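Q: Here is what each chain is made of, one letter per residue.
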Amino acid sequence: MPGSLGYAIWFLATLLEVAVVVCAIRRRSFSRYLCLNLYMFFSFVISLLRFQFLSHFGLRSSEYKYCYYYSDAVLTIFLYLALITLYLNVFDEMKVEKYVRLVAVLLLAGTALFSYGVVQQSSNKMLTGFVYELSQNLYFVGLVLTYVLWGAILKLRETRAQLIQLVLSLGVYFSAFAATFALENMFPSFQFFTYIPPVFGCLLPLAWAYAFWKLTPDARIAPARLAVVPH
Amino acid sequence: MSRKLTSLLLAMLVLAGAMSLKTVAAAQNNGAVMMANGGAPVPPPMMANGGAPVPPPMMANGGAPVPPPMMANGGAPVPPPSAQ
Numbered sequence: 001m002p003g004s005l006g007y008a009i010w011f012l013a014t015l016l017e018v019a020v021v022v023c024a025i026r027r028r029s030f031s032r033y034l035c036l037n038l039y040m041f042f043s044f045v046i047s048l049l050r051f052q053f054l055s056h057f058g059l060r061s062s063e064y065k066y067c068y069y070y071s072d073a074v075l076t077i078f079l080y081l082a083l084i085t086l087y088l089n090v091f092d093e094m095k096v097e098k099y100v101r102l103v104a105v106l107l108l109a110g111t112a113l114f115s116y117g118v119v120q121q122s123s124n125k126m127l128t129g130f131v132y133e134l135s136q137n138l139y140f141v142g143l144v145l146t147y148v149l150w151g152a153i154l155k156l157r158e159t160r161a162q163l164i165q166l167v168l169s170l171g172v173y174f175s176a177f178a179a180t181f182a183l184e185n186m187f188p189s190f191q192f193f194t195y196i197p198p199v200f201g202c203l204l205p206l207a208w209a210y211a212f213w214k215l216t217p218d219a220r221i222a223p224a225r226l227a228v229v230p231h
Numbered sequence: 232m233s234r235k236l237t238s239l240l241l242a243m244l245v246l247a248g249a250m251s252l253k254t255v256a257a258a259q260n261n262g263a264v265m266m267a268n269g270g271a272p273v274p275p276p277m278m279a280n281g282g283a284p285v286p287p288p289m290m291a292n293g294g295a296p297v298p299p300p301m302m303a304n305g306g307a308p309v310p311p312p313s314a315q
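Sequence lines, in order, name chains G and R. Residue 40 in the working numbering sits at position 40 of the first sequence, and the numbers go up by one each step. Residue 263 in the working numbering sits at position 32 of the second sequence, and the numbers go up by one each step.
It is worth saying that the hints were derived from the structure and are not from the lab. Keep in mind that this is a model prediction, so the values were computed, not measured. Be aware that one or more of the hints could be misleading.
Capping the alpha-carbon separation at 27 Å, the derived lysine-lysine pairs in DSSO-like fashion look like this [said to hold, decoys possible]:
| no. | chain 1 | residue 1 | chain 2 | residue 2 |
| --- | --- | --- | --- | --- |
| 1 | G | K98 | G | K155 |
| 2 | G | K214 | R | K235 |
| 3 | R | K235 | G | K98 |
| 4 | G | K214 | G | K155 |
All chains should be modelled from the sequences, with the hints used to inform the complete structure.
A: Structure, rendered in structure tokens:
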């Protein structure tokens, strides 16, 4: 079972997830970033569900494992959709929504097919293995997509402060998880890494709540503050 | 039509990049999981049910010696690695 520090971080993360949705509703940005807010809302609901399973069955029980990994796959798909929402917002003036959606569907289908291909060769628990593999693969797809989106923001000289804040915080979140994953593989004996993912689970909603509360949708930042990309 | 093909190409490029990145990040894979939605404590991986030691791979049926790899075309002896 997690210690009191683990529970405290988890409780804080859950509170911050609610704060994102509340801030978005109060600032009338809920529908503008619908999938992003739905991701935060479902993350809150799933936190409550996971707590129920953890307190009833324990950390090492099959029930908690199934609850955790299946819900994680659902949340990862919502996070992917949230990222696509950010793409649609960045490219909204170029009238390429149809193609962004097409790429998003193809990429999701491709990731699912790739995950199935990996699992069907190596696992006898097909569905569970597929859910687990899909979730892991979507993280890395999200990481690459966020970097591509940041490149597009620099190239298009995007100046909407709220949008930039949302994308940057997502980029830091994905990068931090990829770095932690790599370090955990390199130094498996370090228990220190146990607390890193939940802490980042707090930082993302904190950054998004700040973006919704402090920055209005029309707030702009000076273009000179962005890096200049040569044509 | 060309835009749709470009969309397909972009999707495949991103997928290839992401899977390459995953391969690099998990180069020394020890069973660590990358699950991070919310602050809930991460349970042990699903595949590792129980604490029993992992059996050898399914392919190793019987005790016969493993044949040389398929890449070795022809029967010529493999040269030693070049000395630095």
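Q: Against each hint, give a clear statement of whether it holds in the structure.
A: Right, here's what the structure says about each hint:
| no. | hint | in the structure |
| --- | --- | --- |
| 1 | G:K98 <-> G:K155 | holds, 21 Å |
| 2 | G:K214 <-> R:K235 | violated, 39 Å |
| 3 | R:K235 <-> G:K98 | holds, 10 Å |
| 4 | G:K214 <-> G:K155 | holds, 26 Å |
The structure fails hint 2 only (numbered hints given earlier).
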